[in-house]
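Chain by chain, the residues:
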Amino acid sequence: MSINGLSRRALLQSIAFGSALTVASSIPGISFSSSGGKLTVRFNRDMDSLDPGYYVGGHPDNDVNWCCMPALVHYDYVDGMAVWAKSPFVDRVEVVSPTRIEFKLKSGLMWSNGYGELTSEDVAFSYDRMAQSEWKGDYVAYDRTEITDKYSGALILKQAFAPFMTQTLSSGTGVIISKKATEAVGGKFTNDVPATCGPYVMEWKQGQYVRMTRNPEWTGTKPQYDEIYCPIVTEDSAAALAYEAGELDVAQISSDTYARYLKQVPADSKLTVAGALQYMWLGMNIDNPKMKDIRVRQAIQHAVDVSAINQGAYSGTAELSSGIVCPGLVGKRNQTGYSYNPAKAKALLDEAGVSGLSLTLRTLNNQERILASTIIQANLAAIGIAVEIMPLDSGPFWEMGQESKGDTWKDMEIWLMRYGSGPDPYGAFQWFVRDQVGIWNWERWSSDEFEKLYVELVAVSEAEERHKIAIRMQEIMEETGAYVFLTHEPEVFVHRDNISPRFAPSGETMLSYFKA
Amino acid sequence: MSEIASNKALESAKKDQDIKGHMSESREKLSLFLNNRLGMFGLMLVVLFFVSAIFAPYFATHDPFLMDIPQRMSGPTLEHWAGTDQLGRDTYSRVIYGGRVALKVAAIGVSISLFVGLLLGMLAGYGPRWLDNFLLLIFDSIRSFPTIVLALAAVALLGPSLELVLAVVIVTSIPGYARLARTSTLALKNTEFILAERSLGAHPAIIMWRHIMPNVIGPLLILAAMDVPVVVTIEAGLSFLGLGVLPPTASWGTILNEGYLVIRDTPWPIIAGGIPLVLTTLGFTFLGEALRDVFDPRLRKGK
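These protein sequence lines are chains A and B, in that order.
For the first sequence, this note's numbering gives the first residue as 1, with consecutive numbering after it.
For the second sequence, this note's numbering gives the first residue as 1001, with consecutive numbering after it.
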């Protein structure tokens, strides 16, 4: 017999081969070692865009940008605390007053593709552009850049904003791009970066790997490794297997693997928790007809067993979340105003006169999210809500709530979402202001009080006052009924014990600072 | 009168002989099948597959969706015969219910493919030349797409679901049946009994329905029996890749996928999900090959 022109045996062989290839393609085939100037690091997804104004952000976009693009400051650590430090691209960065940050770039740092030298004009162009971009929330306090000369200038803030150095300039959105090159490509780009300038140059094969090799034109401090090879290993188990087989030097690991490694770390290896500045929640679109009634949303808040999600999907390794401010930051909440109470959830549904409700739960298609979704599905089934899980790849997932990317946002009902935060609570709130509705505020609510508090959070520098503001802002979010706060996942890496890594507080690797 | 009586007696004797011959041939085939040990073993496995899938609620020891998170990833116990998965669900019960998905895809997928393939194949073989060429072009176009690639494209457009798996299986299987039906129809098209029917003015649909189909269907049924394991494997493969059934539905492919993800913590989901897949595939393959041996006289003569 034959199907598709293949004999039955050939078809079975093809399926077996195809399956093996799928698994094998997610595991790097070549063994690398951290010695000999080569470092092999797992990327758990492909890059979406490297344009800091219009990218998804986080890993791996920031990991690559920090190796191949300039910035004024980078993250460093003092006594375990994340601080800003001048980058290898500058001779001087100084906060001369609460609203004035002066800088002097190193001379002779060249952009690729013949776009000339890195200048203060590039700095001004980059940050002016950021203030108008999708990530303008990071630049809410930024006013302008004053150019002093070819290499020097000053960033002027509209008002004092203490987190500007750590929350904004040190983060992925603090990257500087080439004015001439960006204008030459029409003002925006994705992964085809028109000009790079940094210790490494990048080679990217879509869906397979990013290879960064020393930039021969780089005149700054030389990084440790000649080559950083980053195979894209989307599957967590495959990554752990590849690490244990010696094919990776550094790998981000899943919570299941973390729980297993806590019992026994692989030989000659170390575990590093890069931070828990992630906040995950179950979101609800308050504009969707099925979700309009706040009692339905509140019923869902009471129906979801967050502890079960932590145990079942994260092996108990995550911290339960009560809001969007992450552990260790000013404004962290210790409890929610709702609790797991299926009887109350059912009563709220009855009060709303809702029965036979069916919802679609959209989630990224990875192991932990699918498990969490399955638990939520069972929780909601217990109160009479039928849930269909819709697993999505990262491309369609990150676009689904954005009005500029199609009409999917209209159909969205509930979804599992996780954002990363910087080391200041302000970073987490910027996505939920009115301006972000239809961009990153997919729940689509807005509140005058929230807007007012957001402005205050930016302006106030006193910690206790900021704590109160942040707490109230999270209460407002909770009162919309549009959120079930779930977990703060730790970003855990396993790496060879002879490697000294550096990570951003939000968990991205800072590969040019890795040492052997 | 005596001549007529003699003729009737001769006809009657011939009929008796035909019936006896037919019965004897049937007995021979049955005997051949019963003596085929692998075939009997296959039949036993197939019966087990059908019975456990149809009567899953009686075979399962637990609700396949019931989570018991404190008991997650436990090994086999008296309570959980094949251990539990990441959410503490009973793996044995999920494997039993997973058989239903396999049965559903195999039964519906193969039946529809067989029916549509038979119809299109007969039309291609018996119909006008242009229709034959047109249908062949479609069959070949479909056959040029590897099943997995077609499934990937379909999932990218429509999202994963059991219905999509079925659609992919049906679309990719039809050309196989249709081509076989077409070839057999072409061989029969100019035989004397068909020409006789045509000369008597029988409608082509009647000819295809009454005379061609009964002669074509046999090989197609054998092909269908041998196709079942392929279809079961395709479903499991797609579900393993996350392109098949959606959670929390249990399918052997999803059980294997979940097991693969936690293989370093517990091997039991992989073992429990793999065994029925292997046995069912073997069962249908042995059964199909035994049926082919019995019904294909050329193979028998060759032995």
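The hints are simulated quantities; they were obtained by calculation from the structure and are not laboratory data.
Beta carbons: idealized from backbone N, C-alpha and C, even for Gly.
Don't take each hint at face value.
To be verified - Partial pick of chain A residues on the chain B-facing surface, computed with a CB cut under 7 Å:
#1 T234
#2 A308
#3 L364
#4 N365
#5 T374
#6 A378
#7 I389
#8 N498
#9 I499
#10 S500
#11 P501
For each hint given before, does the structure comply? Return the numbers of the non-compliant ones in rising order. Of the numbered hints given earlier, those the structure breaks are 1, 3, 8, 9, 10 and 11, listed in rising order.
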